[in-house]
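Enquirer: As a plain string of letters, each chain reads:
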Amino acid sequence: MFICEDVSFNIDGQKLFSNINFNLKPQEDLLITGPSGIGKTTLLSILCGIQKPTTGKITYNSIDLYNLPENKIDEFRGKNLGVVFQNFNLINTFTVKQNLEIAVSAINTRKSIPLFNLLDKVGLANKSHIKVANLSIGEKQRLAVARAFVGDPKWVFCDEPTSSLDDKNANIIANLIKEESLRCKASLVLITHDSRIQSLINFSKIIRLGEQL
Amino acid sequence: MLSVFLMVVGITIITVSILVNQVTKDTFSKNNPGLDAVVGAKGSPLQLILSSIHHIDIPTGNISYQNTKEIIKHPAIKSAVPISLGDNFQNFRIVGTNKSFLKLYKADLISGTVWSQPMQTVIGYNVSKITKLKIDKFFVGSHGLIDTGDVHLEQPYKVVGVLKKTGTILDNLILTSLDSVWNLHSDTNKDRLEITSLLLKYKNKTSSFSFPRLINKGTNMQAASPSFEISKLLKLTGNAHRIVDYLSILIIILSFLGILFTLLNNINERKYDLAVLRTLGFSRWKLFSIILSEGMIISILGSTIGIICGYIIYESMYYFSIVGRSIEFGQLNFLNDLFLIWIIVNIIAFITCLIPCIKVYKQNIRSTLLNS
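For the record, the sequence lines run as chains E and V.
Under my numbering, the letters of the first sequence match residues 464 to 676, in that order.
Under my numbering, the letters of the second sequence match residues 72 to 443, in that order.
No lab work stands behind these hints: they were computed from the structure.
There could be a bad hint or two in this list.
What the hints assert, rightly or not - Derived Cβ-Cβ restraints for the label pairs, each shown as a range:
| id | chain 1 | residue 1 | chain 2 | residue 2 | range |
| --- | --- | --- | --- | --- | --- |
| 1 | V | L318 | E | D475 | 21 to 27 Å |
| 2 | V | S360 | E | D475 | 51 to 57 Å |
| 3 | E | N571 | V | E386 | 33 to 39 Å |
| 4 | V | T375 | E | Y529 | 30 to 36 Å |
| 5 | E | A588 | V | S360 | 31 to 37 Å |
| 6 | V | I419 | E | Q490 | 54 to 60 Å |
| 7 | E | N473 | V | L73 | 22 to 28 Å |
| 8 | V | L372 | E | D475 | 32 to 38 Å |
| 9 | E | T518 | V | M72 | 47 to 53 Å |
| 10 | E | K520 | V | Q434 | 24 to 30 Å |
| 11 | E | N571 | V | K200 | 56 to 62 Å |
| 12 | E | E468 | V | F76 | 34 to 40 Å |
| 13 | V | F421 | E | S499 | 43 to 49 Å |
Note that this is a predicted model, so its numbers are computed, not measured.
Even glycine gets a Cβ: it sits at the ideal position worked out from N, Cα and C.
Turn these sequences into a full structure, and let the hints steer you where they fit.
Expert: Here it is in structure tokens:
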């Protein structure tokens, strides 16, 4: 169970959002929408342990995330959460394969992860040796999705995964996210305005930021 | 790479400096078996000491053997050992002396016996090793102290004994009786027999002041103090060593600065990548240790290679020293000093690396990613 309790965030004393409350059962999906600049990405950062909230509590299966020591938060995120950032946040000087390998080493698991299969699913198997800086936007997005699912996470967070893509690539990414989340039995938390992806996934809950304030 | 190179250079120089310094002091110390004075021909006291005890440099001249008998009888003198230089075999000095010379150095034989007749010799350990001379072998000496002089074909020497390794100058000498040297160089008039010098020990250390004055002023000879002359020499060379040490410390400091700026630069360039690693699950401490490892690898690699290079240079000097036979390398305790330097350098490198590591530790993921 993923519980968000009374989460709020202030910047320079100004309230960005407050009273964010929800709980997600396993494999339930959450959609976060709202106007631009309202704090959707900040909320996502809070939910996956990158940014501490001003007030409130985030609990994953009874683990109070922000009650953990900071290095444990990072480890928890590596092992249990997958994140697809709006600007991908890939390591441009690494190759496609190296970006996945570094994600695997962060998980610190003894389990053998078939990276080639994953790359094949996202259509990048023949580009494993190519540096990220030389990939197209669509390819980078696919790699970012592959990286998010590399450790079979239980919760996956995606921030506008299809915003800069054409219909064809948007469709590929949307389907990829849906298939992988079903394979991992993961809960999805998605920030998107894109109706192409909204129509594909059956969201259990929707948070409209702005209406929460 | 530059930081590693600077570290290697600095540590190499300091290693060689330590070894040379230690070797020099050790050699001078070991070659002097507690002698209080050396009496020889007037001239440079340092030259007298270097030629008579350490067997480098040429003697100041000869002194009358008859005159030295008076000195030997002086009440201040505990023991007196005459030596006579003049010939060599393959650049190893042939020293005419008496059997007390061996007692002076507490020398033992590996094989054979001490000479009992003229032209019989006892050779040092290194002499035997390099020249391949063994018991009952004959050889001819060359006139002079280096192997370019006339050869005394008419009277060959015979090896009757080989000395154990002493770690002193004795290992590089060929010892024989005074008669051997006189037979080759002097006329038959016993009153005109000469030696190079007399090695003295006092009964009482208080004679250190009065006895040399007596010789220097009252005779045509001079008395020099080994400890005094060598201290003077080491003081002069000590300044040179200090300059070398300061230079190597400066280079090492530059290397530390190189490590620091390299790491800071790397962190700056990889700020974004490091923030991404945090989002993937690398903790602050893990990144801290990665950056620390990078810095320490430079330091450990550089300092280890530096010590190895310094040691190789030392071994090369050792090799050439055997050929040159000017400095004797004994059992040196240099390893402790080198290990201490290695530890100190790497501790300082560790402290230097902490600065960029702390910067990485304090990095805020979100603001770094946003700013990128």
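Enquirer: Go ahead and decide if the range 33 to 39 Å is satisfied by the Cβ distance of N571 (chain E) to E386 (chain V).
Expert: violated (46 Å)
Enquirer: Could you say whether the range 43 to 49 Å given as a hint is met by the Cβ separation of F421 (chain V) and S499 (chain E)?
Expert: holds (48 Å)
Enquirer: Indicate whether the distance between the beta carbons of T518 (chain E) and M72 (chain V) respects the range 47 to 53 Å.
Expert: Holds, since T518 (chain E) and M72 (chain V) (Cβ atoms, about 51 Å apart) stay within the stated range.
Enquirer: Can the suggested window of 34 to 40 Å be confirmed for the beta-carbon pair E468 (chain E) and F76 (chain V)?
Expert: For F76 (chain V) against E468 (chain E), whose Cβ atoms are near 57 Å apart, the range 34 to 40 Å is violated.
Enquirer: Range hint 30 to 36 Å: satisfied by the CB atoms of T375 (chain V) and Y529 (chain E)?
Expert: Violated, since T375 (chain V) and Y529 (chain E) (Cβ atoms, about 44 Å apart) do not stay within the stated range.
Enquirer: Should the hint that I419 (chain V) and Q490 (chain E) are 54 to 60 Å apart at their CB atoms be regarded as holding?
Expert: holds (55 Å)
Enquirer: Would you say the C-beta atoms of A588 (chain E) and S360 (chain V) sit inside 31 to 37 Å of each other?
Expert: holds (33 Å)
Enquirer: Is it true that the C-beta distance of L318 (chain V) to D475 (chain E) lies inside 21 to 27 Å, as the hint says?
Expert: Cβ of L318 (chain V) to Cβ of D475 (chain E): about 54 Å, so the range 21 to 27 Å is violated.
Enquirer: Are N473 (chain E) and L73 (chain V) spaced within 22 to 28 Å by their CB atoms?
Expert: About 47 Å separates the Cβ atoms of N473 (chain E) and L73 (chain V), which means 22 to 28 Å is violated.
Enquirer: Quick check on a hinted range of 32 to 38 Å for L372 (chain V) and D475 (chain E), using CB atoms only.
Expert: This hint is violated: roughly 47 Å between Cβ atoms.
Enquirer: Can you tell me whether the CB distance of K520 (chain E) to Q434 (chain V) sits inside 24 to 30 Å?
Expert: holds (25 Å)
Enquirer: Hint says 51 to 57 Å; check whether the CB-CB distance for S360 (chain V) and D475 (chain E) agrees.
Expert: Violated, at about 34 Å.
The structure fails to meet hints 1, 2, 3, 4, 7, 8, 12 from the earlier list, while all remaining hints are met.
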